[in-house]
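Engineer: Given only the sequences and the hints, what does the whole structure look like? Please build it.
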Amino acid sequence: MDRKRTALGIAAAGTATGVVGLVLLATPAGAGETPPALPETTPEALVQSVLDADVPALAGTVELTNDLGLPIPGVPSSDGHMARVFTDGEGRFRLALEGERSGERTIVGDGATTWVWDSKDRSVLRFEGMEHGVTPQDGLADPATASRELVELMRKDSTITIDGTARVADRPVYQLVLTPKPTERTLLREVRVSVDEATRLPLRLEVLANGQAEPALSVGFSDFDTGAQDPALFRFTPPAGATVTDGAQGSKHVEGNALLEDLDLEVVGEGWDTVLVGKVPTQIMSTPVPSENGDETDPMALLSQFGSEVTGEFGTGYAITTKVGTALVTTDGRVALGAVPQQVLAEALATK
Amino acid sequence: MTTMAIPLPRTKAPIARLLRSELRMMLRRPRTLVGLGLLAAVPVIAGIAIRIAADGDGPVGEGLSTLVAGNGLMLPIFSLLAALTMLLPLVGATLAADALAGESTNGTLRSLLVAPVSRPRLLAIKAFGIATVTLLACLLMAATGTITGIILLGGDGMLTVSATRLPFADGLGRVLLTALLVAVQIWGVAAVGLAVSAWTDHPLIVLSVALGLLIVSGVLSAIPALDWLDPVLITSGWESIGEVARDPLPWPTLTEGVLRAGCYILIGYSVALSRMLTRDG
Numbered sequence: 001m002d003r004k005r006t007a008l009g010i011a012a013a014g015t016a017t018g019v020v021g022l023v024l025l026a027t028p029a030g031a032g033e034t035p036p037a038l039p040e041t042t043p044e045a046l047v048q049s050v051l052d053a054d055v056p057a058l059a060g061t062v063e064l065t066n067d068l069g070l071p072i073p074g075v076p077s078s079d080g081h082m083a084r085v086f087t088d089g090e091g092r093f094r095l096a097l098e099g100e101r102s103g104e105r106t107i108v109g110d111g112a113t114t115w116v117w118d119s120k121d122r123s124v125l126r127f128e129g130m131e132h133g134v135t136p137q138d139g140l141a142d143p144a145t146a147s148r149e150l151v152e153l154m155r156k157d158s159t160i161t162i163d164g165t166a167r168v169a170d171r172p173v174y175q176l177v178l179t180p181k182p183t184e185r186t187l188l189r190e191v192r193v194s195v196d197e198a199t200r201l202p203l204r205l206e207v208l209a210n211g212q213a214e215p216a217l218s219v220g221f222s223d224f225d226t227g228a229q230d231p232a233l234f235r236f237t238p239p240a241g242a243t244v245t246d247g248a249q250g251s252k253h254v255e256g257n258a259l260l261e262d263l264d265l266e267v268v269g270e271g272w273d274t275v276l277v278g279k280v281p282t283q284i285m286s287t288p289v290p291s292e293n294g295d296e297t298d299p300m301a302l303l304s305q306f307g308s309e310v311t312g313e314f315g316t317g318y319a320i321t322t323k324v325g326t327a328l329v330t331t332d333g334r335v336a337l338g339a340v341p342q343q344v345l346a347e348a349l350a351t352k
Numbered sequence: 001m002t003t004m005a006i007p008l009p010r011t012k013a014p015i016a017r018l019l020r021s022e023l024r025m026m027l028r029r030p031r032t033l034v035g036l037g038l039l040a041a042v043p044v045i046a047g048i049a050i051r052i053a054a055d056g057d058g059p060v061g062e063g064l065s066t067l068v069a070g071n072g073l074m075l076p077i078f079s080l081l082a083a084l085t086m087l088l089p090l091v092g093a094t095l096a097a098d099a100l101a102g103e104s105t106n107g108t109l110r111s112l113l114v115a116p117v118s119r120p121r122l123l124a125i126k127a128f129g130i131a132t133v134t135l136l137a138c139l140l141m142a143a144t145g146t147i148t149g150i151i152l153l154g155g156d157g158m159l160t161v162s163a164t165r166l167p168f169a170d171g172l173g174r175v176l177l178t179a180l181l182v183a184v185q186i187w188g189v190a191a192v193g194l195a196v197s198a199w200t201d202h203p204l205i206v207l208s209v210a211l212g213l214l215i216v217s218g219v220l221s222a223i224p225a226l227d228w229l230d231p232v233l234i235t236s237g238w239e240s241i242g243e244v245a246r247d248p249l250p251w252p253t254l255t256e257g258v259l260r261a262g263c264y265i266l267i268g269y270s271v272a273l274s275r276m277l278t279r280d281g
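Just so you know, the protein sequences line up as chains A and B, in that order.
In terms of this note's numbering, the first sequence is residues 1 to 352.
In terms of this note's numbering, the second sequence is residues 1 to 281.
It should be emphasised that the hints constitute simulated quantities derived from the structure, not laboratory data.
Each residue gets a CB set at the ideal place from its N, CA and C atoms; glycine is no exception.
Honestly, I wouldn't trust all of these hints.
To be verified - EDC-like cross-link-like pairs, simulated, lysine to aspartate or glutamate; straight-line CA separation at most 20 Å: (1) A:Lys120 x B:Glu239; (2) A:Lys156 x A:Glu190; (3) A:Lys4 x B:Glu22.
Said to hold, decoys possible - Far from chain A, some chain B residues (derived; all Cβ distances over 10 Å): (4) Ile150; (5) Phe168; (6) Leu229.
Structural biologist: Following this line, the structure appears as structure tokens:
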């Protein structure tokens with residue numbers, strides 16, 4: 001019966017291997033690893049090297065985790081895989097953004113023209129030059145650029161420190177931490193930027209709110225490889241049967257949150273307590289919102305359900321508060337939002 | 001003169017012959033043939049529907065289906081993904097249910113267990129039969145899908161989701177890759193089914209456990225608080241098989257799904273093996 005015992009042993013080992021395999025799949029990469037030892041550097045030198053770094057030829061996959069609990073202009077609300085990024089190091093790029101149910105939006109900058117392809121309706125938008133066609137939402141798909149712009153914007157109002165090292169996308173990184181200066185009135189605790197040791201590119205951006213252990217927003221590479229890319233990636237030929245529109249004429253590229261585009265937002269203040277102030281178009285305020293049970297609800301009635309009523313110098317309104325931000329909508333259709341306590345919003349509305 | 005009785009060496013049936021006979025037996029069952037025939041018809045029906053929808057106004061659908069019109073090679077991929085949600089797992093689970101529990105109900109498992117075939121080998125033959133027939137089902141769908149797609153929808157090569165155009169041979173490669181990836185996922189379901197099949201005498205229990213597993217996985221993946229569980233759920237990689245339509249191919253995503261299915265195959269097969277070994281003859 002030795003053979004039977006051996007076979008039983010194999011069966012047990014097989015079951016165990018399978019279970020371990022599943023557990024490994026569920027374990028986030030890099031968990032429990034000791035942080036890599038990297039040469040010492042000062043926060044100032046690190047920030048400067050980040051701002052000076054050139055983007056090399058690279059291919060990467062970007063993932064996003066969004067726990068904001070509030071639609072913010074330019075931030076996609078869904079989790080998971082978000083985009084694949086390819087650059088050739090000379091300014092040409094391909095950005096493949098995942099759409100609903102295996103659809104895809106592809107943005108290709110071939111050096112002279114930017115092409116925006118949407119598989120949903122097989123449409124192509126053409127923009128002369130390399131600066132167009134990339135909405136803020138798409139811009140976030142490239143954490144390197146997004147974090148660089150953020151660091152540049154926030155460095156004046158922040159205390160910048162280096163909080164050790166870590167691994168992102170299996171590469172050693174410095175953890176650059178931006179903390180608001182005590183004078184800043186914000187709900188945010190810190191912004192962490194993971195800077196790649198070799199390329200000095202930010203590989204991950206995390207936003208943490210007060211009293212939260214997990215980041216409210218995290219955008220970062222899950223795969224990152226430098227090296228020459230296939231030049232074919234940076235060419236684009238509109239496929240036969242696709243409708244090609246000149247981007248300068250059509251405004252169709254305003255994807256996603258058309259409502260937020262309509263708000264006509266203006267920036268009040270600077271740094272961490274920046275507030276966006278806008279006005280809801282009157283036709284939206286008076287259009288009944290169809291609700292789930294088929295009835296129509298007045299937008300204001302809906303707001304009063306979600307938000308708490310507040311009054312102040314600005315009049316009366318409803319405030320919706322989340323972990324990382326507050327939004328305030330007044331009864332006369334003015335809107336303010338920011339990563340700040342409600343009072344700051346009220347002041348911003350009053351000064352407008 | 002005495003004749004010496006030469007003891008006959010205990011014969012081992014050649015494995016190739018066993019596998020062939022198992023396959024022949026499975027493929028002769030009317031329900032297998034009907035199942036395969038119905039599956040083969042799925043891409044044809046989908047092709048006709050999309051052709052009609054494409055001739056009318058308005059969008060054909062969402063996701064991959066928008067790319068099928070005028071792009072024949074996308075039809076088999078679309079059909080395989082559609083069948084992966086329920087039809088193909090049903091086939092895999094039925095085959096697994098028949099393999100051991102079905103034999104047990106018929107009373108034929110007993111004779112198999114005393115036949116001159118070791119039990120691990122018997123299980124291997126059964127698993128081989130299930131794996132081959134499910135792969136056959138996927139390839140059959142790929143074949144009818146490709147033919148229907150080319151005839152009804154046409155298209156020059158394959159237009160990928162990323163707006164690149166692949167030559168016909170590459171497109172066909174993507175179709176085959178989809179069939180393989182889908183087959184591996186079905187093997188995962190069938191392996192779980194086989195484990196249950198080894199424990200019970202009732203094929204219906206196998207079916208309900210296998211399909212129940214899929215439904216529970218679907219429900220669990222829809223609960224945001226249980227997101228950490230997602231990488232373990234058997235169904236979580238299924239939707240991402242649609243990424244074969246992207247260009248360049250996102251290999252990390254695709255291999256993760258194969259690894260997950262591999263774990264399920266390993267667990268299911270091992271549990272079935274341990275039960276087969278300890279079962280009374």
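Engineer: Does the structure keep lysine 120 of chain A and glutamate 239 of chain B at a Cα separation of 20 Å or less?
Structural biologist: With Cα atoms ~17 Å apart, lysine 120 of chain A and glutamate 239 of chain B stay inside 20 Å; holds.
Engineer: Do the alpha carbons of lysine 156 of chain A and glutamate 190 of chain A lie within 20 Å of each other, as the hint requires?
Structural biologist: 14 Å, holds
Engineer: If I take the minimum Cβ distance from phenylalanine 168 of chain B to any residue of chain A, is it greater than 10 Å?
Structural biologist: Since the minimum Cβ distance to chain A is about 15 Å, phenylalanine 168 of chain B lies beyond 10 Å and the statement holds.
Engineer: Is the Cβ of isoleucine 150 of chain B farther than 10 Å from every Cβ of chain A?
Structural biologist: 16 Å, holds
Engineer: Hey, lysine 4 of chain A versus glutamate 22 of chain B, does the alpha-carbon distance stay inside 20 Å?
Structural biologist: The hint is violated at about 24 Å.
Engineer: Using Cβ atoms and 10 Å as the threshold, tell me whether leucine 229 of chain B really stays out of contact range of chain A.
Structural biologist: 8 Å, violated
In terms of the numbered hints stated before, the structure departs from hints 3, 6, listed from lowest to highest.
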